[in-house]
Amino acid sequence: EDKVVQSPLSLVVHEGDTVTLNCSYEVTNFRSLLWYKQEKKAPTFLFMLTSSGIEKKSGRLSSILDKKELFSILNITATQTGDSAIYLCAVVPMEYGNKLVFGAGTILRVKS
Amino acid sequence: EPEVTQTPSHQVTQMGQEVILRCVPISNHLYFYWYRQILGQKVEFLVSFYNNEISEKSEIFDDQFSVERPDGSNFTLKIRSTKLEDSAMYFCASLGKQLFTNFGPGTRLTVT
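Chains A and B, in that order, give the protein sequences. Each residue of the first sequence is one higher than the one before, counting from 1 in this note's numbering. Each residue of the second sequence is one higher than the one before, counting from 1001 in this note's numbering.
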C-alpha cells in the first residue's frame, strides 16, 4: 500500500526562525512528489519534484527530493506569521493522471 | 488565473438524503478528481475521471457515490443516501498540462 509520512506533526516557531518539514514515502512506481499549503480551505500548490538533488525555490521556500532515500524536505527561512498553515506532502504513483496520496500534514504555527 | 470552483460552499443535510456537490474544473484540463477531508484527518482520494469515465476509485467510493460530467464544464459528485460519517470537506480537483493538481475551495458537507 502506498504511504506518505510527514514529520513533525506540528511545530511552533517564532517569526524569523527557519523550519524544515520532512516527508518520507513508499509508493509503487514513483512519478512525482508535491508540496501544498493548506490555510483555511483548499490546498494550494507549492512545488512539484520529480528528480533527486535538484532544489526548487520560491522566495523563502525551497524543497528537495532524494529518490534513493525516499524523502523530501521543505524549508522555510525567515518565517512570517503568514506562513502559519498545514503543509501537505503528496506523492503521485504510477502514471500521469493518477491520484495523489497525501500525508497527514505538518501544522506550522509562527508566533510574532 | 483560472481556478477550480465549487458550489455550494457549505451544505447541511439530513441523514438518508441525497446530495449533489458541484464543481467547474479548469477549462482545458482533462483529469478530474474528488477528494475528501474529514475534520482533523488526511486528505483522501475518492475518484478520478478521465475521458468521460471513472479511471480509478477508492474503497470509500462505494455504490452510494456517483460522478457525472453532464456537460462540457460541470463535474458533480452525488451521494445517494448520506450517512453521518459522510460529513467532511469535499474537494474537487483537476489536472492539466502543467502536471500539478489544482484544488477547488471545497464544499463542507454536514450530515445531521
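Some hints could be false.
[Said to hold, decoys possible] To spell it out: a stretch of chain B is covered by chain A in this simulated footprint if at least three of its residues, at any positions, have a beta carbon under 8 Å from a beta carbon of chain A; those stretches are:
1. 1040–1053
2. 1098–1106
[What the hints assert, rightly or not] Just so you have them, the derived chain B footprint on chain A, three or more residues with Cβ under 8 Å:
3. 51–59
4. 99–105
Derived by calculation from the structure, the hints in this document are not laboratory data. This structure is a prediction, so every number in the text was calculated from the model and none was measured. Note that the Cβ used here is the ideal one computed from N, Cα and C, for glycine as well.
Hint-by-hint comparison with the structure:
no., hint, result
1, 1040–1053, "holds (count 7)"
2, 1098–1106, "holds (count 8)"
3, 51–59, "violated (count 0)"
4, 99–105, "holds (count 7)"
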